[in-house]
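Please put together the full structure from these sequences, using the hints given.
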Amino acid sequence: MYDLKKLAKLVQQLEDQLITCMRCGMCQSVCPVFAETGRESDVARGKLALLDALIKELFTEPGGVNERLNHCLLCGSCAANCPSGVKVLDIFIKARVILTGYMGLSPAKRLIFRGILSQPRFFDRLLELGASFQKAFIKSADQFLGTSCARLSFPLANRHFKALAPVPFHNLVDAIDSAGKSGIKVGFFTGCVIDKIFPEVGQAVVRSLNHHGTGIFLPQDQGCCGIPALSSGDSAAFSRLVRHNLEIFSAQKLDYLVTACATCTSTIKKLWPMMAPDFSEEEQAQIQAIAEKTMDISQFLIDVAGVDKVSVTPGNEATTITYHDPCHLKKSLGISEQPRKLISANPNCHLKEMAEADRCCGCGGSFNLKHYEISASIGKRKRDNIVATDCSTVATSCPACMLQINDMLSQEGDRIQVRHVIEIYADSL
Amino acid sequence: MIEKTLLSEFQRVLGRENVFHEEADRLSYSYDAAVLDQVLPALALRPLSSEALGQAIRLCNENSLPLTVRGAGTNLSGGTIPNEGGVVILTTALNRIVEINEGDLYAIVQPGVVTAKFAAEVEAKGLFYPPDPGSQAVSTIGGNVAENAGGLRGLRYGVTRDYVMGLEFFDSNGELVKAGARTVKCVTGYNLGGLLVGSEGTLGVFNRIILKLIPMPAAKKAMMAIFDDVPKASETVAAIIANRIVPVTLEFMDNFTIRAVEDFSHVGLPTDAAALLLIEVDGHPVQVADDALRVEELCRRMGAMEVRVAETAQERDKVWEARRAALSALSRIRPTTVLEDATVPRSKIPEMIAGIEGIARKFDLKIGTFGHAGDGNLHPTILTDRRNAEEWARVEHAIDSIFEKALELGGTLSGEHGIGTAKSRFLEKEVGRGTIAYSRRIKAALDPKNILNPGKIIGG
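First to last, the protein sequences are chains H and R. Counting with our numbering, you get residues 1 to 429 for the letters of the first sequence. Counting with our numbering, you get residues 1 to 460 for the letters of the second sequence.
Quick caveat, the hints were computed from the structure, so don't treat them as lab data. A portion of the hints provided could be inaccurate.
[Said to hold, decoys possible] A partial selection of chain R residues facing chain H, derived with a Cβ cut-off under 7 Å:
1) GLU22
2) LEU27
3) GLY73
4) GLY268
5) ASP272
Here a beta-carbon is modelled for each residue, glycine too, at the ideal position from N, C-alpha and C.
Pasting the structure below:
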């Protein structure tokens with residue numbers, strides 16, 4: 001059986017952060033999962049109390065805590081709203097690593113994270129293969145949105161998902177190492193979902209950067225940012241991916257590292273440095289340097305490339321677009337103005353705000369896979385808010401949100417396009 | 001542990017998915033927002049209907065199981081901490097606004113309705129539900145009524161008690177009892193509602209609550225007055241009231257709190273000021289303009305260094321941002337935050353503030369004081385680290401001294417947070433032995449098996 005004393009010692013590392021929660025319960029007002037279930041163990045205060053109880057050795061077995069700790073979108077709404085500034089996400093991720101290290105990783109996750117994801121070249125080839133065979137297993141769900149559903153119900157249930165792109169981004173666009181007129185050079189960190197499902201987003205990034213005379217470094221064989229592994233508590237696979245990416249990007253002279261994925265951006269900026277103590281001193285310095293340079297593509301275009309100097313008045317024929325704030329962009333990094341400015345920089349677009357634009361879409365990565373019913377119920381609220389704006393397109397800054405919103409709109413047969421902000425901007429070039 | 005047969009009986013009544021008995025679930029209902037030790041219940045129940053609620057209570061009574069009702073668990077006096085081996089009844093699924101009656105100016109709600117959501121629904125109809133406790137974004141109406149919660153608008157609009165027209169509650173047998181009515185006047189039977197409001201779950205379990213609504217005031221105006229010493233600020237409070245002006249809010253902040261807020265949110269507060277008053281008047285636009293002018297003049301006459309009147313909505317937000325940030329700013333300074341609410345007659349505020357400063361010096365503690373000066377309801381906030389046993393002992397002495405000071409000045413132990421278990425041992429000092437004996441006789445008669453939130457308020 002488990003040695004709970006030993007576990008208590010491990011969780012003790014988090015005590016200084018745990019103690020800052022004063023149990024005021026204000027997180028209940030913003031937690032999307034709590035809004036669905038009403039259960040205390042679903043809200044940050046409840047989970048922090050469970051971790052605290054592990055330290056006090058109040059448990060006879062840790063499985064229940066582990067299960068509840070994972071019943072969370074990691075959207076960070078609680079942390080953004082916390083009166084006493086508890087670093088909830090830091091605590092949850094470190095706790096997942098501790099509990100997974102202690103209780104072990106499931107065989108399926110071990111295979112996926114260590115056997116596939118942390119071997120980028122193999123992962124790429126495997127999914128290229130998948131893209132050519134997927135037709136045998138899926139059928140079209142909605143042609144307008146381009147979603148599919150499974151021919152057999154297992155394992156994707158009733159989801160309307162975006163299939164793997166026939167040709168991934170890394171095969172559509174060759175490696176780039178260009179010097180731009182502007183004298184600024186950026187690395188482009190593609191991210192798995194853009195590479196394999198939304199390659200058109202990656203192309204829009206390259207077009208926009210070229211338009212502004214930005215030098216681009218786009219290497220092949222990029223790895224995943226590591227968030228799927230880390231959020232499952234697999235710090236070994238996470239470290240391997242970070243090292244792989246450091247090797248590719250750190251040797252280059254780059255002014256910035258841009259991504260079009262909110263989750264990749266916040267992982268590199270926040271979680272890489274948080275986990276840095278696991279790395280060598282030299283690597284720590286590289287992580288710090290890269291984290292400081294990393295930014296969302298819209299932040300780069302507005303704040304660095306100066307797009308907001310272009311003032312545009314939308315024409316009469318302008319399309320109505322609404323914008324969804326990805327949690328990992330607004331709540332983690334405080335970026336909400338730049339994507340909106342980028343949309344408005346397209347003269348054919350008229351931005352109309354939806355209600356609760358910064359409320360989580362409910363995707364949460366693997367949360368969606370394990371708890372689809374709750375995820376879909378949260379997503380339905382997002383869908384209703386989108387539809388209420390009468391828009392023809394919903395834009396966002398995270399491909400994971402795009403997957404979820406596509407599913408939600410497709411389920412209801414809505415005629416609303418889901419696009420990345422950078423695609424909207426690239427249209428105007 | 002709960003017996004298997006009883007567990008399946010609860011599951012039959014409430015549905016299997018609404019009965020939580022796993023270790024981790026029980027643990028997550030073992031605390032509230034008070035700085036007290038957690039207590040593990042045997043079971044947590046989430047009834048989906050009135051019937052299920054009544055039956056759950058009856059089952060608890062038949063089996064002599066102590067029960068504690070929990071809304072959002074934001075209680076600051078330990079009222080929602082259950083008893084060892086007891087049952088927690090959650091109201092989170094009983095969260096329906098049954099009716100908002102615009103003609104007769106009342107609303108009927110289930111106990112689990114969230115205060116701020118209710119206030120927003122009411123406001124959408126041009127009506128007003130004034131009680132606004134600090135936790136209103138998550139707190140429930142049931143919890144507000146059980147604690148007789150206050151808030152920032154108490155001076156002009158009163159507290160939760162003043163808005164409860166009627167109640168429907170289950171007694172300890174699970175029998176439904178009705179009190180009050182949806183009429184303005186009602187003298188039918190004992191005033192049971194008066195007994196139940198603020199009874200902290202010890203006398204009954206709410207099923208439905210009838211609340212009074214009032215028209216939304218048409219205009220409001222806020223201002224901030226800055227003082228170089230505390231007595232001037234509190235004399236200003238007294239002068240405003242003496243001049244027959246009743247502001248909707250009249251809030252105070254001491255120098256420690258001012259500095260904490262400015263460090264935290266940079267809203268432009270003068271960090272050398274001894275005290276701030278944040279004042280808002282509301283009502284008819286003409287009246288508001290007149291009152292605001294008179295309050296401004298009074299502040300200047302009483303010696304304010306500066307008076308900043310909010311001319312726009314943004315400026316008004318800025319005034320209240322400072323107040324809203326107070327607890328956050330203070331709570332970030334040290335790991336543990338103890339928020340007290342001892343209350344004194346308004347005129348005794350200067351003495352109370354001096355007393356609190358003396359206590360902070362005597363026990364060598366950081367105490368920030370802010371609060372509802374217009375109500376005499378201050379929130380001395382002790383910043384500490386509960387893990388430090390030596391310091392924590394000093395904190396406990398300081399809390400005792402704050403209570404003693406408040407009573408010495410003719411005040412009360414709690415303005416709005418309740419007695420719960422945190423202050424029950426001080427109750428006799430304020431109300432006397434006779435009052436406690438009388439209260440215990442009521443409790444024993446109405447709840448012979450002592451299952452309704454036992455140990456709260458009157459101990460035992």
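Consistency of the hints with the structure:
| no. | hint | result |
| --- | --- | --- |
| 1 | GLU22 | holds (5 Å) |
| 2 | LEU27 | holds (5 Å) |
| 3 | GLY73 | holds (6 Å) |
| 4 | GLY268 | violated (21 Å) |
| 5 | ASP272 | violated (26 Å) |
In this structure, the hints that do not hold are numbers 4 and 5, in rising order.
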